[in-house]
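Knowing the structure of chain C, use the given hints to seat chain A on it.
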Amino acid sequence: MSTKTPSRLEKILAAGHRAVTSECGPPRGSDPAVIEKKAALIRDHVDAVNVTDNQTSMTRMCSLAACIRLKQMGLEPILQMVTRDRNRIALQSDILGAAAFDICNVLCLSGDHQSFGDCAQGQNVHDLDSMQLLQTVRRMRDDGKFLGGDDIARPPQMFVGAAANPFADPFEIRVLRLAKKVSAGAEFIQTQCIYNLDKFEQWMTQARDRGLTERVSVLAGLTPMKSAGMARYMKNRVPGMDVPDEVVSRLADTPKEKQPEVGIDICVEAIERLKDVEGVAGFHIMAIEWEEKVAEIVERAGLYPRPEV
Amino acid sequence: MHATIQKPIDEIVSFIRPGEKVFVVGCNNCAWKCHSGGEEETAAMADRLKKRGVEVVGHTVPGPQGMSLCKLDHTRKVLQEDYGEQVAGADSFLVLGCGQGVHTVIDATDGGMVHPGCDTIFGGETVSESDIEEYCSLCGECVIEYTGGLCPMTLCSKQLLNGPCGGAERGMCEVDKERPCGWVLIYERLQKLGRLELLDPFQKPKNHAKWSRPRTLKVSPHEATFCSQAGKVTVSNRD
Chain C
28 MSTKTPSRLE KILAAGHRAV TSECGPPRGS DPAVIEKKAA LIRDHVDAVN
78 VTDNQTSMTR MCSLAACIRL KQMGLEPILQ MVTRDRNRIA LQSDILGAAA
128 FDICNVLCLS GDHQSFGDCA QGQNVHDLDS MQLLQTVRRM RDDGKFLGGD
178 DIARPPQMFV GAAANPFADP FEIRVLRLAK KVSAGAEFIQ TQCIYNLDKF
228 EQWMTQARDR GLTERVSVLA GLTPMKSAGM ARYMKNRVPG MDVPDEVVSR
278 LADTPKEKQP EVGIDICVEA IERLKDVEGV AGFHIMAIEW EEKVAEIVER
328 AGLYPRPEV
Chain A
2 MHATIQKPID EIVSFIRPGE KVFVVGCNNC AWKCHSGGEE ETAAMADRLK
52 KRGVEVVGHT VPGPQGMSLC KLDHTRKVLQ EDYGEQVAGA DSFLVLGCGQ
102 GVHTVIDATD GGMVHPGCDT IFGGETVSES DIEEYCSLCG ECVIEYTGGL
152 CPMTLCSKQL LNGPCGGAER GMCEVDKERP CGWVLIYERL QKLGRLELLD
202 PFQKPKNHAK WSRPRTLKVS PHEATFCSQA GKVTVSNRD
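Just so you know, the protein sequences line up as chains C and A, in that order.
Read in order, the letters of the first sequence correspond to residues 28 to 336 in the working numbering.
Read in order, the letters of the second sequence correspond to residues 2 to 240 in the working numbering.
I should point out that these hints are in silico values taken from the structure, not numbers from a laboratory.
Please read all numbers here as calculations on a predicted model, not as lab measurements.
Each hint should be verified, as a subset may be incorrect.
[Stated by the list, open to error] Computed cross-link-like contacts, DSSO-like style, restricted to lysine-lysine with a CA-CA straight-line distance of at most 27 Å:
1) Lys-262(C) x Lys-211(A)
2) Lys-172(C) x Lys-207(A)
3) Lys-253(C) x Lys-302(C)
4) Lys-226(C) x Lys-193(A)
5) Lys-172(C) x Lys-205(A)
6) Lys-193(A) x Lys-31(C)
7) Lys-320(C) x Lys-262(C)
8) Lys-172(C) x Lys-193(A)
9) Lys-205(A) x Lys-233(A)
10) Lys-226(C) x Lys-253(C)
With the rest of the complex left out, here is chain C (with noise of 0.2 Å):
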């Protein structure tokens, strides 16, 4: 399978390998050093690192800035641009920011609404929705036009990403709306974390027969629990995320000092399940504020050494 972007994510996935991504959240100051800590634990164990972007409309270090800090280091940045903060101007801008630090992977998101940051009063833009982010940075790669439809000198290679969630409301049009993104130029998506594993297979399977699987990577993502209080938390508390009883008592029922090992127990379990599961071509491994256990997760889940390409 032929590339179109100097991207290793790429060259993994059309290798036919399984990919394994991760993610650094910067912090909420201007220190590099957190950001390249956080790099530095997670270096050898990944092809990709997605940097967020001001996650939870807290507001953090801007993703652009600590995805060139990641390049310098030496690791495959994924920039995640989320739609709520910069209109189509600033999004354009941004990319070719990114493209010449050869930054080669986007994931296109709409963002956590503002409210749910320490800006709450803040206006949002949504100038572009995410699907319309995605197809602007197709076009600005593939056809070198900007949106207003002037050359772009240099157009930007970028493997171009978006995030499903396949547990939101209504279930019914999650694969439909795949199907936009797919149809809108998604080369790969990294879904929200994973903990109800059946739901998870009657979507990949609604995928599958739309024939989505053969047209994008489908990254699995996942999120180790640290405690029962964090599970119960991402049930309660997270938009969209769908945690099963099981899993809350599971950790409950361990003693507290066990719980970050049963944690780790629970995501490596699904990885080995997921494995299995036609369509998926990779693991993303969100462990927030918990990078260290990444490489731990990967080895046990039987995915390391990654691969050379």
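Relative to the frame of chain C, chain A by itself:
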């Protein structure tokens, strides 16, 4: 209709300088329906201001019930002819109506000083005598043909045009668990109508220049011209 809600009385009083003579103007259409500036509320406001030591030189709600304050020719006639003396003696006008009404009073008084007595909050449907709900954002480019008449610019917290985000749970919006997700409403409605295929086409980026402000509309019996930063668009209402 333009939904309005009265500003707190202390805020209104703070607008008025010592010795300032105030004339209170209400609106007998939208603000009447909102109980923010109909006849009763306008008379009550005059009394409430007097009680707080403000010199009120007069008050009126131009026109019969159902007539809007923002109909400039009528408001001008009422203020300048029927209330000419009080209006001439007023230093300022407290307007109990929407922002359009406030500007109408500026025009009707040839540039008089105005105070807003209300916050203009949205354009809404009068669902019942006690309920006004927002279904349109006045964006200038209607996209509701493919959503069964339900506006995603208004009903979706993120104004998404190509379907829901990943945050809805049990049909409710992630931003407010008491409020249905706009896209769930759209999906359920189209499903009921057997028209889910309307959701398939990709919706292009919106022409936001059509809700650049300020906008104007020039109308004649057979033709209208809408003017915004998107340019001038003239449409005839005849073949």
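How the hints compare with the structure:
| no. | hint | in the structure |
| --- | --- | --- |
| 1 | Lys-262(C) x Lys-211(A) | violated, 41 Å |
| 2 | Lys-172(C) x Lys-207(A) | holds, 18 Å |
| 3 | Lys-253(C) x Lys-302(C) | holds, 23 Å |
| 4 | Lys-226(C) x Lys-193(A) | holds, 25 Å |
| 5 | Lys-172(C) x Lys-205(A) | holds, 16 Å |
| 6 | Lys-193(A) x Lys-31(C) | violated, 43 Å |
| 7 | Lys-320(C) x Lys-262(C) | holds, 22 Å |
| 8 | Lys-172(C) x Lys-193(A) | violated, 41 Å |
| 9 | Lys-205(A) x Lys-233(A) | holds, 21 Å |
| 10 | Lys-226(C) x Lys-253(C) | holds, 23 Å |
In summary, the numbered hints that this structure violates are 1, 6, 8.
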